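Sequences are here, hints too, so could you generate the full structure?
Number of protein chains: 2
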Amino acid sequence: MLRLVAAAAARLVPPAGPCLAAPGPPLGRGLLCCRGRGAAAGGGSAGGRQLPALKTPKGTRDHSPAHVVLRARLLAAAERCFKRHGAAAIDTPVLELRDMLVGKYGEGAKLIYELQDQGGELLALRYDLTVPFARYLAMNKITNIKRYHIAKVYRRDNPAMTRGRYREFYQCDFDIAGQFDPMIPDAECLKVMHEILSDLQLGDFLIKVNDRRVLEGVFAICGVPDSYFLAVCSAVDKLDKMPWEEVRSEMVGEKGLSPEAADHIGEYVQLHGGLELVERLLQDPKLSQNKQAKEGLGDMKLLFEYLSLFGIGGQVSFDLSLARGLDYYTGVIFEAVLVQQEKGPGEEAAGTGSVAGGGRYDGLVGMFDPKGRRVPCVGVSIGIERIFSILEHRLRASGEKIRTTETQVLVATPHKHLLPARLKLVSELWDAGIKAEIVYKKDPKLLKQLQYCEDTGIPLAAIIGEQELRDAVVKLRDVPTRQEVDIPREKLIDEIRRRLEP
Amino acid sequence: MLRLVAAAAARLVPPAGPCLAAPGPPLGRGLLCCRGRGAAAGGGSAGGRQLPALKTPKGTRDHSPAHVVLRARLLAAAERCFKRHGAAAIDTPVLELRDMLVGKYGEGAKLIYELQDQGGELLALRYDLTVPFARYLAMNKITNIKRYHIAKVYRRDNPAMTRGRYREFYQCDFDIAGQFDPMIPDAECLKVMHEILSDLQLGDFLIKVNDRRVLEGVFAICGVPDSYFLAVCSAVDKLDKMPWEEVRSEMVGEKGLSPEAADHIGEYVQLHGGLELVERLLQDPKLSQNKQAKEGLGDMKLLFEYLSLFGIGGQVSFDLSLARGLDYYTGVIFEAVLVQQEKGPGEEAAGTGSVAGGGRYDGLVGMFDPKGRRVPCVGVSIGIERIFSILEHRLRASGEKIRTTETQVLVATPHKHLLPARLKLVSELWDAGIKAEIVYKKDPKLLKQLQYCEDTGIPLAAIIGEQELRDAVVKLRDVPTRQEVDIPREKLIDEIRRRLEP
Chain H
850 MLRLVAAAAA
860 RLVPPAGPCL
870 AAPGPPLGRG
880 LLCCRGRGAA
890 AGGGSAGGRQ
900 LPALKTPKGT
910 RDHSPAHVVL
920 RARLLAAAER
930 CFKRHGAAAI
940 DTPVLELRDM
950 LVGKYGEGAK
960 LIYELQDQGG
970 ELLALRYDLT
980 VPFARYLAMN
990 KITNIKRYHI
1000 AKVYRRDNPA
1010 MTRGRYREFY
1020 QCDFDIAGQF
1030 DPMIPDAECL
1040 KVMHEILSDL
1050 QLGDFLIKVN
1060 DRRVLEGVFA
1070 ICGVPDSYFL
1080 AVCSAVDKLD
1090 KMPWEEVRSE
1100 MVGEKGLSPE
1110 AADHIGEYVQ
1120 LHGGLELVER
1130 LLQDPKLSQN
1140 KQAKEGLGDM
1150 KLLFEYLSLF
1160 GIGGQVSFDL
1170 SLARGLDYYT
1180 GVIFEAVLVQ
1190 QEKGPGEEAA
1200 GTGSVAGGGR
1210 YDGLVGMFDP
1220 KGRRVPCVGV
1230 SIGIERIFSI
1240 LEHRLRASGE
1250 KIRTTETQVL
1260 VATPHKHLLP
1270 ARLKLVSELW
1280 DAGIKAEIVY
1290 KKDPKLLKQL
1300 QYCEDTGIPL
1310 AAIIGEQELR
1320 DAVVKLRDVP
1330 TRQEVDIPRE
1340 KLIDEIRRRL
1350 EP
Chain G
850 MLRLVAAAAA
860 RLVPPAGPCL
870 AAPGPPLGRG
880 LLCCRGRGAA
890 AGGGSAGGRQ
900 LPALKTPKGT
910 RDHSPAHVVL
920 RARLLAAAER
930 CFKRHGAAAI
940 DTPVLELRDM
950 LVGKYGEGAK
960 LIYELQDQGG
970 ELLALRYDLT
980 VPFARYLAMN
990 KITNIKRYHI
1000 AKVYRRDNPA
1010 MTRGRYREFY
1020 QCDFDIAGQF
1030 DPMIPDAECL
1040 KVMHEILSDL
1050 QLGDFLIKVN
1060 DRRVLEGVFA
1070 ICGVPDSYFL
1080 AVCSAVDKLD
1090 KMPWEEVRSE
1100 MVGEKGLSPE
1110 AADHIGEYVQ
1120 LHGGLELVER
1130 LLQDPKLSQN
1140 KQAKEGLGDM
1150 KLLFEYLSLF
1160 GIGGQVSFDL
1170 SLARGLDYYT
1180 GVIFEAVLVQ
1190 QEKGPGEEAA
1200 GTGSVAGGGR
1210 YDGLVGMFDP
1220 KGRRVPCVGV
1230 SIGIERIFSI
1240 LEHRLRASGE
1250 KIRTTETQVL
1260 VATPHKHLLP
1270 ARLKLVSELW
1280 DAGIKAEIVY
1290 KKDPKLLKQL
1300 QYCEDTGIPL
1310 AAIIGEQELR
1320 DAVVKLRDVP
1330 TRQEVDIPRE
1340 KLIDEIRRRL
1350 EP
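Chains as they are written, first to last, in my numbering: chain H, 850 to 1351; chain G, 850 to 1351.
These aren't lab readings, by the way, just hints derived from the structure by calculation.
A couple of the hints might just be wrong.
Unchecked claim - Keeping only pairs whose Cα atoms sit at most 25 angstroms apart, straight-line, the calculated BS3-like set for lysine-lysine is:
| hint | chain 1 | residue 1 | chain 2 | residue 2 |
| --- | --- | --- | --- | --- |
| 1 | H | 932 | G | 1290 |
| 2 | H | 1265 | G | 1150 |
| 3 | G | 907 | H | 932 |
| 4 | H | 932 | G | 1250 |
| 5 | H | 1290 | G | 1143 |
| 6 | G | 932 | H | 990 |
| 7 | H | 1150 | G | 907 |
| 8 | G | 1001 | H | 1001 |
| 9 | G | 1291 | H | 1143 |
| 10 | G | 990 | H | 1290 |
| 11 | G | 1250 | H | 990 |
| 12 | G | 1143 | H | 1291 |
| 13 | H | 907 | G | 1001 |
| 14 | H | 1273 | G | 932 |
| 15 | H | 932 | G | 1324 |
| 16 | H | 1143 | G | 1290 |
| 17 | H | 1297 | G | 1090 |
| 18 | H | 959 | H | 1104 |
| 19 | G | 1250 | G | 1284 |
| 20 | H | 932 | G | 1090 |
| 21 | H | 1290 | G | 1324 |
| 22 | H | 1140 | G | 1291 |
| 23 | G | 1150 | H | 1273 |
| 24 | G | 907 | H | 1220 |
| 25 | H | 990 | G | 1290 |
Nothing here was measured: the structure is a model prediction, and the numbers come from that model.
Right under this line is the structure:
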């Protein structure tokens, strides 16, 4: 069986020894533990030199070649979907003026990385891609665009690396900005979410939807004062993790809500269902009198109609307990959760919680626009890091090796003094667009060259010895079957292309 | 007219007015000037609200969709080449421990962005990709790897945006680490540089090579004290921009070198040529006695042999004035310069100076390794931002429009009340992997839908009216020719695929 590079085919199962020798670091935590010294060590010494601790900053990690390949597969699936839906890509700086981020993240603000004042502007690292997007729209006076953005964001959070929570992590966002007829873009965001999660074969998932206006309406008719809104939201949001009784006692005990109001809320937020629930609540004598709730329920009805035309209505649940933390949502909100969690032996579940989420935020762009002009927006964010940890666990469990290079041909020689012949031939292959390598030795043994093919998964070897040079042929070897055929030199490139056709 | 993505077919030629209105910002500086208020403005007010200045941090910029597409083409050319040469990708955090960057960049150190001390580790933004690569090798005890890394780096430099100098910019690096036979990896780095610059069709370019050891040898036999090395290097490095007399007077006047030493240096550093120059210097009675120079010249001879086998010897010049700034080079150094510069009317040349460079740095990994173990490295960095500004100028001059979305089919209706039919059909296309859009209106006019296709470059429209629904057909319209054909619904996807074949 073929073994890819070293770096190339980093094993995903950690080797027996305490540390995988060079050249291929294993994926993930293997990488983090593959160290001679503890991360806490203040500094080593090399012949008396004081060295800094050899590590990456807390909550960050390097991505080994195998990591990069796996991540690229995942991001490509998302990008394919975004392009299928006609989105354009933008990019914004990792740095933003600090002032841009102020007042957008509620509690999250304390997790923002700030740069030192080195003279000039006060800067911070971006916390998400949504606020920079809104800043971009306002700054360029763009009133409609469908865009995606896949990039790293930064939060000084408590890292939980095994569950995919890092301080530097990717976000993968798709947003539709503009004044359009109701719920058409919103339904498309849910379709995008559904397509990506299906494509990645993560197993069964459920999409929950709710609407901020419905929640506000419920709280209003239950007599919750406005000032309690966020506190009650955050209690309600825990209903997927704890029973109603506990949520109720948190509301009454900790948050000081009246028992009657709490009970009344409980009648609503434990409801979930499909279109029929929307219809029922539209008939609810109290809720239907609340303007906010009525608008939200009307849009929810439209949303379910569109989702059923998209063929995904059955996997979407109207769930009145879904609240989502961010301040800036103004209408529909949604979240996808995996129904079945995969666990490694002795490990925590890799993919707890939601793997994608989003909602409508009609007020954010107006916060940046000098004249307060609003640009309605709705968007979805795919939780790449969580999904990545699930795929990583799965790959590790399967023992599959990832090929990290794409080399198609190794140019090899069986005798000494043939380096010039190798250099000439490999150069011809490069110029013909063929992915090719040689080993960087003047006179390598043929066996080592063939071993390198097996180690790194190179499917073909083009071998030239003295006889082949005299006969103007190249011996083309199929590495897996070990079959060799002499090919006239001038036909070599065509023959290689023919063999590499899918 | 319905303009969805609007940004979708951003014109690259700035419009007549001073500022391109939304929705499509132009490329590059257009984007920067497309602002209602000066960048220096402290804050605007929106109905009495104080807003922060609506801008990106100094020396950074947003990338519009057209920008992103152009940049992706450029990066794809580099990545294709790196993969053709068997390299694997790695990624490292944007943040590094400050200690990692100390003592690696000489004068550059003052340009490092430092993060505020918010408790915990002291951090900085990476200044290049080479030092993080060396840190990665040492940390993971990797002794050989061929890797590439394309990512953003950060320098608090004086921005010169029209010439592609930013504070946040891409680097695009290819490096070969490991103990190998001399000059084989070095020659491959030059081949990589040559392939990428040729592929991008930047016009004629020249690759200059030199060797740190040859320079050191020259200075030694001319009687330059060691402590003058960097000062003399930096003077010599200016020989491509000013005549020898000026360089000489800088050495003697400013740097305090003796006139005799300067004249002696002048005899060497004005030399440039090919293999014959290497041979001549190997016979030079003084230089051939210097151990360093002799080693460097021996390697240079080997390099030219290999380059000629790669078919690129003719475009490489051994240039004794090439010095390159970074401290960490230990052997061969190289740089590519465009021979002909393109200028826009009334503009500075877009691509002054080098567009790629690199060299051998055998000591850097050892600076991180606790035991000081050395891993010899050689690498090349492609100057993406400079090349990008050249391509941007060229594109702007050509008036070519860049398509920023890839949508293949617009699903359209000619009558009212057909939104459900549109939603159903577009969903079928998405599920079949076809890139498709609808406009987000309940009852859009057909003309506006077709106009949207023309504006954004969508080649096909799938039109369903009441008659088509009754007949179970779809009218497929070729947007450029305006030809329409009825296709049975069940054959639509096959027909679309057939038409989209290249």
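Results for each hint:
Of the pairs offered as hints, the one joining residue 932 of chain H and residue 1290 of chain G holds, with about 20 angstroms between alpha carbons and a cut-off of 25 angstroms not exceeded. With a C-alpha separation of about 20 angstroms, the suggested pair residue 1265 of chain H and residue 1150 of chain G falls inside the 25 angstroms cut-off, and the hint holds. For the given pair, residue 907 of chain G sits about 31 angstroms from residue 932 of chain H by alpha-carbon distance, which is inconsistent with the 25 angstroms threshold. Proximity of residue 932 of chain H to residue 1250 of chain G is assessed by CA-CA distance (about 19 angstroms); at most 25 angstroms being required, the pair is judged to hold.
Distance hint between residue 1290 of chain H and residue 1143 of chain G is fulfilled; the C-alpha atoms sit about 22 angstroms from each other, no more than 25 angstroms. Proposed proximity of residue 932 of chain G and residue 990 of chain H is contradicted: the alpha carbons are some 40 angstroms apart, above 25 angstroms. A distance of roughly 47 angstroms separates the Cα atoms of residue 1150 of chain H and residue 907 of chain G; the hinted pair therefore is violated under the 25 angstroms criterion. Proposed proximity of residue 1001 of chain G and residue 1001 of chain H is supported: the alpha carbons are some 11 angstroms apart, at most 25 angstroms.
Taken as a hint, the residue 1291 of chain G and residue 1143 of chain H pair is honoured in the structure, with Cα atoms around 21 angstroms apart against an allowance of 25 angstroms. The straight-line distance between the Cα atoms of residue 990 of chain G and residue 1290 of chain H is roughly 22 angstroms, inside the 25 angstroms bound, and the hint therefore holds. Between the alpha carbons of residue 1250 of chain G and residue 990 of chain H the distance comes to roughly 21 angstroms, so the proposed pair stays at or under 25 angstroms and holds. The straight-line distance between the Cα atoms of residue 1143 of chain G and residue 1291 of chain H is roughly 21 angstroms, inside the 25 angstroms bound, and the hint therefore holds.
Pair hint residue 907 of chain H plus residue 1001 of chain G holds up; C-alpha atoms about 20 angstroms apart against a cutoff of 25 angstroms. Distance check on the hinted pair: residue 1273 of chain H and residue 932 of chain G sit about 19 angstroms apart at the alpha-carbon level, within 25 angstroms; holds. A threshold of 25 angstroms between alpha carbons decides the hint, and for residue 932 of chain H with residue 1324 of chain G the separation of about 24 angstroms falls inside it, so the pair holds. Annotation: proposed proximity of residue 1143 of chain H to residue 1290 of chain G holds, straight-line Cα distance about 22 angstroms (limit 25 angstroms).
A C-alpha spacing of about 48 angstroms is found between residue 1297 of chain H and residue 1090 of chain G, which places the hinted pair above 25 angstroms, so the restraint is violated. Taking the CA atoms of residue 959 of chain H and residue 1104 of chain H, the gap is near 23 angstroms; set against the 25 angstroms cutoff, the hint holds. Between residue 1250 of chain G and residue 1284 of chain G the CA atoms are separated by roughly 20 angstroms; this keeps the pair inside 25 angstroms, and the hint holds. A threshold of 25 angstroms between alpha carbons decides the hint, and for residue 932 of chain H with residue 1090 of chain G the separation of about 46 angstroms lies outside it, so the pair is violated.
For a cut-off of 25 angstroms, the pair hint linking residue 1290 of chain H to residue 1324 of chain G is broken: about 63 angstroms separates their Cα positions. Between the alpha carbons of residue 1140 of chain H and residue 1291 of chain G the distance comes to roughly 24 angstroms, so the proposed pair stays at or under 25 angstroms and holds. The straight-line distance between the Cα atoms of residue 1150 of chain G and residue 1273 of chain H is roughly 17 angstroms, inside the 25 angstroms bound, and the hint therefore holds. Restraint check for residue 907 of chain G and residue 1220 of chain H: the C-alpha separation of about 24 angstroms stays at or below 25 angstroms, so the hint holds.
Using a Cα cut-off of 25 angstroms, the hinted pair residue 990 of chain H and residue 1290 of chain G holds, with the two alpha carbons roughly 22 angstroms apart.
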